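Please put together the full structure from these sequences, using the hints given.
Respectively, the protein sequence lines represent chains P and L.
Take 1 as the starting number for the first sequence in this note's numbering and just add one per residue.
Take 1001 as the starting number for the second sequence in this note's numbering and just add one per residue.
A portion of the hints provided could be inaccurate.
Sample of chain L residues at the chain P side, in silico, Cβ under 8 Å [as the list claims (entries may be wrong)]:
1. GLY1015
2. PHE1017
3. PRO1019
4. LEU1022
5. MET1023
6. ILE1026
7. ARG1027
8. TRP1054
9. LYS1057
Pairwise CB distance ranges (calculated) [as the list claims (entries may be wrong)]:
10. P:ASP15 <-> L:PRO1052: 26 to 32 Å
11. P:GLY49 <-> L:GLU1033: 40 to 46 Å
12. P:ASP60 <-> L:LEU1062: 36 to 42 Å
SDA-like cross-link-like pairs, simulated, lysine to any residue; straight-line CA separation at most 20 Å [unchecked claim]:
13. P:LYS16 <-> L:PHE1017
14. P:LYS85 <-> L:ARG1030
15. P:LYS85 <-> L:PHE1017
16. L:LYS1057 <-> P:MET30
17. L:LYS1057 <-> P:MET1
18. P:LYS75 <-> L:GLY1015
19. L:LYS1057 <-> P:GLY91
20. P:LYS88 <-> L:GLU1031
21. P:LYS75 <-> L:VAL1011
22. P:LYS4 <-> L:LYS1057
23. P:LYS75 <-> L:ARG1014
24. L:LYS1077 <-> P:GLY31
25. P:LYS85 <-> L:GLU1031
26. L:LYS1080 <-> P:ALA2
27. P:LYS88 <-> L:ARG1027
28. P:LYS4 <-> L:LEU1053
29. L:LYS1080 <-> P:GLY31
30. P:LYS85 <-> L:ARG1027
31. L:LYS1057 <-> P:GLY31
32. L:LYS1057 <-> P:ASP3
33. P:LYS85 <-> L:CYS1018
34. P:LYS75 <-> L:PHE1017
35. P:LYS75 <-> L:GLU1024
36. L:LYS1057 <-> P:LEU23
37. L:LYS1057 <-> P:ALA2
38. L:LYS1057 <-> L:ARG1030
39. P:LYS85 <-> L:GLU1024
40. P:LYS88 <-> L:ARG1030
Hint data in this document are derived by calculation from the structure and do not stem from the laboratory.
Predicted model only: the values in this text are computed from it and were never measured.
Even glycine gets a Cβ: it sits at the ideal position worked out from N, Cα and C.
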Amino acid sequence: MADKMSIILFSGTMDKLLPVGVLASGGVAMGMDVEIFATFWGLQALTKGAAQQPPRMSKDFEDMAPMMMQLMQEKNVPSFLDTLKTAKELGNVRVLACSMTMDLMDLTKEDFVDIVDDVVGVGEFVDSARDAKITLFI
Amino acid sequence: MPEEVEANVTVDARGSFCPGPLMELIRAIREGEVGDVIAVLSNDTGSRRDIPLWIEKAGHELIGIFDKEDHARFLVKKLK
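Structure, rendered in structure tokens:
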């Protein structure tokens, strides 16, 4: 069985989403299974609605957002979703939606972009993350 | 000094950032035949270390890294 990287994706701003895509790619490249538990703002960022909105930037880096957006556009940096899609095509990446967030925000599986694989509760995620070699909360 | 050879497939990943070139190489290796030589063109700094590391882990052969004016050309042979 391959080593596992478990990522808890809590944040929904670009400065946090991008590294999740990059780290998941790194995991895939190094032959790891990658599991992403998307919860709260992280899950909200995976809705079809959010995908159509301009990316949000964390308040901490608000002043740098225009510069960052310009650089990313100029240098053709792929979006978080595109990076994650590539990682999924090339390896074993599972994106799990947090059932509690879905109940709270009245979301159904149909509300998500097609990157979400399954809906799980925190117990199941923790049980699965138990044997991960790398665990990240982002 | 390794010999720079012709590639069966060239992946032009210039302008793509880490981990873009590596991921493109992985895709090209997957789609190629055993024995194919794949060239990756990259000007991403991370590639320099990530690509050789991946090749070693994945069990392929790094023929060499050849420096060009504004990028590096990584030559990889698919071994399995």
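Evaluation of the provided hints:
1. GLY1015: Since the shortest Cβ distance to chain P is 6 Å, the answer is holds.
2. PHE1017: holds (6 Å)
3. PRO1019: Hint on L:PRO1019: holds, closest Cβ of chain P at ~4 Å, below 8 Å.
4. LEU1022: holds (5 Å)
5. MET1023: Interface hint status for L:MET1023: holds (5 Å vs cutoff 8 Å).
6. ILE1026: holds (5 Å)
7. ARG1027: holds (6 Å)
8. TRP1054: Holds - the Cβ of L:TRP1054 comes within 8 Å of chain P, reaching about 6 Å at its closest.
9. LYS1057: holds (7 Å)
10. P:ASP15 <-> L:PRO1052: 26 to 32 Å: holds (30 Å)
11. P:GLY49 <-> L:GLU1033: 40 to 46 Å: holds (44 Å)
12. P:ASP60 <-> L:LEU1062: 36 to 42 Å: Once the Cβ atoms are compared, 40 Å apart, the range 36 to 42 Å for L:LEU1062 and P:ASP60 holds.
13. P:LYS16 <-> L:PHE1017: holds (17 Å)
14. P:LYS85 <-> L:ARG1030: holds (16 Å)
15. P:LYS85 <-> L:PHE1017: This hinted pair holds, its Cα atoms lying about 16 Å apart.
16. L:LYS1057 <-> P:MET30: Distance of about 7 Å is within 20 Å: holds.
17. L:LYS1057 <-> P:MET1: The given pair, whose Cα atoms are some 16 Å apart, holds under the 20 Å limit.
18. P:LYS75 <-> L:GLY1015: holds (7 Å)
19. L:LYS1057 <-> P:GLY91: Within the cut-off at roughly 15 Å; holds.
20. P:LYS88 <-> L:GLU1031: holds (16 Å)
21. P:LYS75 <-> L:VAL1011: Holds, at roughly 18 Å.
22. P:LYS4 <-> L:LYS1057: Distance ~16 Å between P:LYS4 and L:LYS1057 Cα, so the pair holds.
23. P:LYS75 <-> L:ARG1014: Holds, because 11 Å separates the two Cα atoms, which is no more than 20 Å.
24. L:LYS1077 <-> P:GLY31: At roughly 19 Å apart (the allowed maximum being 20 Å), P:GLY31 and L:LYS1077 satisfy the hint.
25. P:LYS85 <-> L:GLU1031: holds (17 Å)
26. L:LYS1080 <-> P:ALA2: holds (19 Å)
27. P:LYS88 <-> L:ARG1027: holds (12 Å)
28. P:LYS4 <-> L:LEU1053: holds (19 Å)
29. L:LYS1080 <-> P:GLY31: Holds: L:LYS1080 and P:GLY31 sit about 15 Å apart, inside 20 Å.
30. P:LYS85 <-> L:ARG1027: holds (13 Å)
31. L:LYS1057 <-> P:GLY31: This hinted pair holds, its Cα atoms lying about 9 Å apart.
32. L:LYS1057 <-> P:ASP3: holds (14 Å)
33. P:LYS85 <-> L:CYS1018: The given pair, whose Cα atoms are some 15 Å apart, holds under the 20 Å limit.
34. P:LYS75 <-> L:PHE1017: The given pair, whose Cα atoms are some 9 Å apart, holds under the 20 Å limit.
35. P:LYS75 <-> L:GLU1024: holds (17 Å)
36. L:LYS1057 <-> P:LEU23: It holds: about 18 Å lies between the C-alpha atoms, which stays within 20 Å.
37. L:LYS1057 <-> P:ALA2: holds (13 Å)
38. L:LYS1057 <-> L:ARG1030: Holds: L:LYS1057 and L:ARG1030 sit about 15 Å apart, inside 20 Å.
39. P:LYS85 <-> L:GLU1024: holds (13 Å)
40. P:LYS88 <-> L:ARG1030: Holds. P:LYS88 to L:ARG1030 sits at ~14 Å (cutoff 20 Å).
Hint violations for this structure: none, all hints satisfied.
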